[in-house]
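Visitor: Position chain B relative to chain A; hints supplied.
Residue numbers (our numbering), protein chains in the order written: chain A, 1 to 187; chain B, 1 to 148.
Hints listed in this document are in silico derivations from the structure and should not be mistaken for laboratory results. Be aware that one or more of the hints could be misleading.
[Said to hold, decoys possible] Cut-off 27 angstroms, straight-line C-alpha distance, at most; resulting in silico cross-link-like pairs (DSS-like, lysine-lysine): (1) A/K99 - A/K74; (2) A/K177 - A/K161; (3) A/K90 - A/K129; (4) A/K74 - A/K125; (5) A/K161 - A/K129; (6) B/K3 - A/K90; (7) A/K161 - A/K90; (8) B/K67 - A/K90; (9) A/K90 - A/K177; (10) A/K161 - B/K30; (11) A/K125 - A/K161; (12) A/K177 - A/K129; (13) A/K74 - B/K30; (14) B/K67 - A/K125; (15) B/K7 - A/K74; (16) A/K99 - A/K177; (17) A/K99 - A/K125; (18) B/K30 - B/K67; (19) A/K125 - A/K177; (20) A/K161 - A/K74; (21) B/K67 - A/K74.
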Amino acid sequence: MKKIIGILTILLIFSYHQEVQAQRYVTKDGRITFFSEAPAENIEAFNNQVNSALDIGSGDFIFRVLMKSFQFEKALMQEHFNENYIESHKHPNATFSGKVTNLEAIDFGTPGTYNAVVSGDLTIKGITKSITEEGMFEVNADGTIHGQATFMIAIADFDIKIPRAVINNIAEEIEIKVDVKLSPLNN
Amino acid sequence: MKKKWFKILLILAGIGVVAAVLGYIFIYNKPHPNYEKMNPDFTLTAAVLFNEYVEDSEAAGLEYNGKMVAVEGEVTLVESVDEQVKAYFVLSEGLFGNEGIRVTMLENHSGPLLDMPPGSLMSIKGYVTGYNGTDVIMEHGSLMHSYQ
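The shape of chain A in the complex, shown without the other chains (with noise of 0.2 angstroms):
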C-alpha cells in the first residue's frame, strides 16, 4: 500500500511539473528596438538577445535586457550610450518584471491575434517606473506565442542627462518596439 501510495505521489508531482512547465514560454532572443527623432538626425539601435519568459497561467511577463548588446551603426553612438547615458558599467542590465493584465481575453489555446494589456515595473539605468501599455499576443498553431508592442518612454524619467551640445541631435521621447517569440520551456 505504502509503494502505490509512494508511485501516485511520483506520478503526481511529475504530471504537476510538468503542466507548471508547460504553462512558461520564454525566449532568449527577442529583439528590442529604440528610436530616436531629433531635429539633426534620427538614432535608431537594436538588440536581439532579450531574454524573456510569459507564465500563460498567472499572466506573469518579464525581460531582461543587457544594455551592451544594443547595436548602434555608428560606434560613437554606441560609446556614447553606454558610457554617457546609461552608464552600463554601473547599470548592465534593464529589466521589466509585470503581468498581463487582460488574461481573460486571451484564449492561449487558440491560434488568433489578441490584443494584450501589460502592467508592470520598467527598470533602466537603476531607476524603476510603473508602466501600463498595449500590445499584442499572436498564438500560433505551431504552439509559440508572438508578442509585440511598442511604446514611448521619457529618457529623462530615467535619469539620462542630454548635454546642451547635443541637445538636437536626441529625442527627449523615445519610441521602444518590442519583438518577442516565445516557445513552451519543455519543448
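Guide: Chain B alone, transformed into the frame defined by chain A:
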C-alpha cells in the same frame, strides 16, 4: 593692419574647417572595432568564466564586460536564429532552460561552426556584453581553434 587681421581670420577659419572635416571622419564616423583582429584580453575555460559571473556578477562584470575574451570548452549547441549563428556552451539549467555562455558569431565564422558535431571542443573569442541572469553573452564571436 586690416589685411593682417583678415589673413589671421582666414587661417583660423581654414584650421576650423580642417578640424571639423577630420572630426567628422575620424570621430563622428569612426568605424566599429575589427573584432576578428582583436587580441583577447583574457583566455580561460567556459566553465570558469560562467562560474565567476554566477558567483559574483558585479565583480565579474567589472572584470570582463566590454572586453574581448577567449573561452575554451565543449560547444553543446549551435543555434541558428534569424540568420545569426550562436555557439552555446551549456553549463547549467534554470528558469529559461539551458544556461551557460552564448556567443553570437561573426558571419564569416558561422559556416564552419554549423558543420561541427554537437559537443565539439572549441576555443572561441568574443566581446563580452554581460550576464543577463541566465547566460554570459558574447558578441562578434570568432572561432580560434577546433579540436576535432
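Visitor: Does each hint fit the structure? Answer for all of them.
Guide: The hints, checked one at a time:
no. : hint            : verdict
1   : A/K99 - A/K74   : 35 angstroms, violated
2   : A/K177 - A/K161 : 22 angstroms, holds
3   : A/K90 - A/K129  : 18 angstroms, holds
4   : A/K74 - A/K125  : 22 angstroms, holds
5   : A/K161 - A/K129 : 17 angstroms, holds
6   : B/K3 - A/K90    : 55 angstroms, violated
7   : A/K161 - A/K90  : 16 angstroms, holds
8   : B/K67 - A/K90   : 15 angstroms, holds
9   : A/K90 - A/K177  : 24 angstroms, holds
10  : A/K161 - B/K30  : 24 angstroms, holds
11  : A/K125 - A/K161 : 12 angstroms, holds
12  : A/K177 - A/K129 : 18 angstroms, holds
13  : A/K74 - B/K30   : 7 angstroms, holds
14  : B/K67 - A/K125  : 21 angstroms, holds
15  : B/K7 - A/K74    : 37 angstroms, violated
16  : A/K99 - A/K177  : 18 angstroms, holds
17  : A/K99 - A/K125  : 22 angstroms, holds
18  : B/K30 - B/K67   : 19 angstroms, holds
19  : A/K125 - A/K177 : 19 angstroms, holds
20  : A/K161 - A/K74  : 20 angstroms, holds
21  : B/K67 - A/K74   : 19 angstroms, holds
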